[in-house]
Every structure is written in C-alpha cells, then in structure tokens.
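Under the working numbering, the first residue of the first sequence is numbered 13, with each subsequent residue one higher.
To be clear, the hints were calculated from the coordinates, so they are not data collected in a lab. Just so you know, nobody snuck in bad clues.
Think about it this way: if two alpha-carbon atoms lie no more than 25 Å apart in a straight line, the pair counts; the simulated PhoX-like pairs of lysine-lysine are: (1) K253 <-> K182; (2) K244 <-> K269; (3) K219 <-> K201; (4) K413 <-> K441; (5) K307 <-> K33; (6) K244 <-> K282; (7) K333 <-> K65; (8) K33 <-> K139; (9) K402 <-> K412; (10) K178 <-> K244; (11) K201 <-> K214; (12) K182 <-> K211; (13) K269 <-> K182; (14) K182 <-> K41; (15) K441 <-> K412; (16) K413 <-> K434; (17) K356 <-> K178; (18) K227 <-> K214; (19) K65 <-> K201; (20) K382 <-> K405; (21) K19 <-> K79; (22) K139 <-> K182; (23) K214 <-> K307; (24) K413 <-> K33; (25) K65 <-> K211; (26) K19 <-> K33; (27) K356 <-> K139; (28) K413 <-> K382; (29) K182 <-> K45; (30) K41 <-> K178; (31) K178 <-> K139; (32) K282 <-> K45.
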Amino acid sequence: MKPSIPKGTRDFGPQEMLRRKYIFNTIEKVFQKYGYLPLETPAMEHLETLTGKYGEEGDRLIFKVLKRGAELERALEDRSKGFADEALRYDLTVPFARYVVQHQNDLVFPFKRYQIQPVWRADRPQKGRYREFYQCDADVIGSTSLLSEVELIQLFDDVFTQLGLKVVVKINDRKVLSGIAEVSGQPEKVVDIVTAIDKLDKIGREKVEEEMREKGVSDQAIQGIAPLFELKGTWNEQRVKLEQWLAPSAIAQQGLKDLSFTFEAVGQLKSAVLEFDPTLARGLDYYTGAIFEVKAAEGSLQSSICGGGRYDDLTGVFGLKGMSGVGISFGADRIYDVLLETGKFPAELGGSTQLLFANFGEAEALHCLKLLRQVREAGIAAELYPDATKLPKQFTYAEKKGIPYVAIVGESELQQGVVTLKRMGANDKGTAMPIEALIAQLLQH
RNA sequence: GUGGUUGUAGCUCAGUUGGUUAGAGCGCCGGAUUGUGGUUCCGGAGGUCGCCGGUUCAAGCCCGGUCUACCACCCCA
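Assemble the whole structure, with the sequences as input and the hints as a guide.
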C-alpha cells in the first residue's frame, strides 16, 4: 500500500520541527513571564462537552469519534442517540472551562493558565488552514478586571517583538456590537447583524446590507446601522462619534468606556499597533466583552494569526456561574507560515550537531569515543560518524546536516595525541591541536 | 457542507490532432580521486503517468468515479 496521512494533517521533519519549537518556546517563555501556569487536557472530550459551544457552524466542524464495540452495535439499531459519544477537542478554551469547573475547589482564583496543544476541525483544508493544528492559549478566569485585557495585549506585543514580526492587534467589544443592534431597533438580530458586518472589508457595504436583508433584518434597522460605515480615524476620533450615535444604549456606553480604559492603559507598544475595528466580530458564540484578532503586518497571509476575547459565562453551562474570563490564542501554524515567508527565522536554530568526528576504523573510532565524551561534557553537541567510509562521504554528511566542524582523528593524529579540526567551508585541510584546545575554540562560538 | 482547478522520476516541469521503447534540468548512487566535501568530467539507477473503471485496434492525453493538494463560498488559527 501507498503510505499517506489523513487529509489536512502533516508530518513535521527535523528542519521544520526546529523552527516550530522555536515558536513554541518563545511563546511559552512569555506566558511564564506573565505568570501563566501550564495545563494539558485530553485530545478527546465527551461530545456533549463540546456541542453547542461554537455556534451552529462550529458544531458541524467538530471531529466526532465513533462509538466502539457493543455500544456501536446498539447505536446502529437505535439511531436516536447518534453514532458518536466522544469528540476531538475543537479549541483549548472550552476544555479549559470544563477543567476549571471540575477542579474549582483546588484552584486559586483568578486562575491563569497556558496551554499549547493541537486541536482538530473537520474543515475543508486550504493554505494556512489545516484539520489538525496547534493553538497556544493563555487565559485568566475568575476576574472581570480590564487589567487582564491590557496584560494580554502587552503579551501579544511581547511575543511578536521576540519573533521580530510587526503585527496589527485589532480590538472591539461585543457590548458595542450589541448596542448597535439595540439602537437599530432589532436587538434580537445581533448575531446576524454582527456576522454580516464582520465581512465589511472583504465584500463591501452593499453586500453586507444585502446579507442582513436576507437574514431578515429590516430596512429600517439597516438604515440605523449606517453610521457604522462612516467611521474612520483613530480610536479617539471614532469614540466621539460612537458615543453620540450609541447614546441610547447603556450597554454600548459601557463597552466604549471599557475600550477607552484599555487603550489608555496599554500604553506604548513595540511591535504591535493596537487598532479599534468596529467591524471585528468573530464567530465564536461565547464572547461577551472585548474581542481580539491579530494579523501580520508583513507577508502575504491575510487571515488572522491570533484570536481571543472575554467570555462572561463559559463555565455556566458546566454549573459554575459568575466566572468571567478572558483569553487569547496564538495560531502557531500560521505564524510559522508568516515567519517562513518573511525570512524571520534565525539562521541557526539550536539542536543541531556542532562537531562531527570522522570515522577512520575501529581503533580510531574507539579513541574518538573518549574524545566525544569530553566534548559532550563541555556542552558541545557532537557525534561520531558510525561507518568507516571514505572521507568525502563523511564530509558530505556534515555539509548536509549543517554541521560546522569536522574532527579528523586518523593514524597520525592518534600517535601524536591530537585532533585535526576543520571548519566546513574553509579552504584548508584543518589544524592539528589537543582536544582541550578544540573544546576551547568551539566554546567561543 | 456547496462549486471549481490540479496530479508525469526524490524535486521543478516538458510530453504534438490519441500512435512504437514516456523525456529534461536539478538531486541521488558509482568512478576519475583508498586522509578532505562544496567546482569539473564520465557513467548509472530511478516511473503500475495519483488510484479504480470506461471508450478505442491503440490512452500520460478522451469520459466517469474516487483520493490529494489548492482556489472561491461557509467559517476560522
């Protein structure tokens, strides 16, 4: 049979893994620096834990796991209860909420956790869109303070500064969006109105209005939303107009106040530009306050590389009320694509061998084994070529693996108790020296 | 989930209106060079033309299905 892997999944080769680990390590270090603690949850959750949390569209994309054995036989006879009982996790936020409720008595609130694990979606794959991909989440739950929003924005900035990537952090507040629906006269149509205006920059004003009409939003309400399309400029400029327009809505005023606080408190950022975007909506049903989205300001990838937002009652469905939380999620796979395209990965990523001992035969190899130990104890990544093949082949091996130094220990070196050190790429035959000198030289790099 | 494009050597791609034994470049392996790779020269291996079926005297080429990657919706990291 022909070897292959499921649609939308990928293997990650050594070169790719070094780069992926660089991203994960960078993000993880920043998470820890901001006081978040690690958490892992199972790949599978009960199906009912996940269904109904991501909206109608989201439910369709959940990867369901078939019942097994006798359970499956029963399900085939009585179809009323469905064929699946478990499901692969769709994101890290809902499993986190489940965890918080389940372990509420053991946790210290506000609880700050980070989680770096794969998630699965039964989506149709495209570029930058996979069925299995990694999310790197940080959430704080058990506090309504806007300081958390501020901290998370600064965390975005910190990570992308370390990765050397310029980004735009877009922010909006669901309360403002609710206010817009309220003022338009059809508050019950929030979701339809919001998902339509989310597409504004993509399809334009006319199509947005058309979509709202199709969803049953009245012409009068659509007219009421018109001021939204006129908004432009900085946050402070837009705020003034929004305050006037949305004056009748108490909830919108609260949203605007929260945004003002956040903008003010965030202060100067290094790599990110914080931008208010009144058309930013995001699909997930559970967001209630601030919502975030990050896009790369460099490269050609137009889709978002991070998302996030505040959810007031995610734990409610699991039986724990009044637990507000806010979180963000880094899309590692998309960040990878952007860094690769823009050439932002460091040229040398640790983990690869620094020194290769060429193999000249059994006696020499056994001697090299001792030298290897010394070199490794000094903290230098080194290896011995396993076969006594001819030198050109061993050199080619070093070149392909990107090993910068080759140690040559043949008959004459063995007798003199030295090692010939050759730098790859250098146009010479190398220099003979004692092993101690070799170690000292390599440690300088 | 809807509609569309694609698939030929490890990689990038040629392949005429359907016509004998499917090609090139790069890479790989061997030799020139048994202690010095990256240059050069010489030689070699490697293909069920994505898979299954159909039309035809004859299919890499036409038709149907299927899988994959990709594109547009939908949605999203």
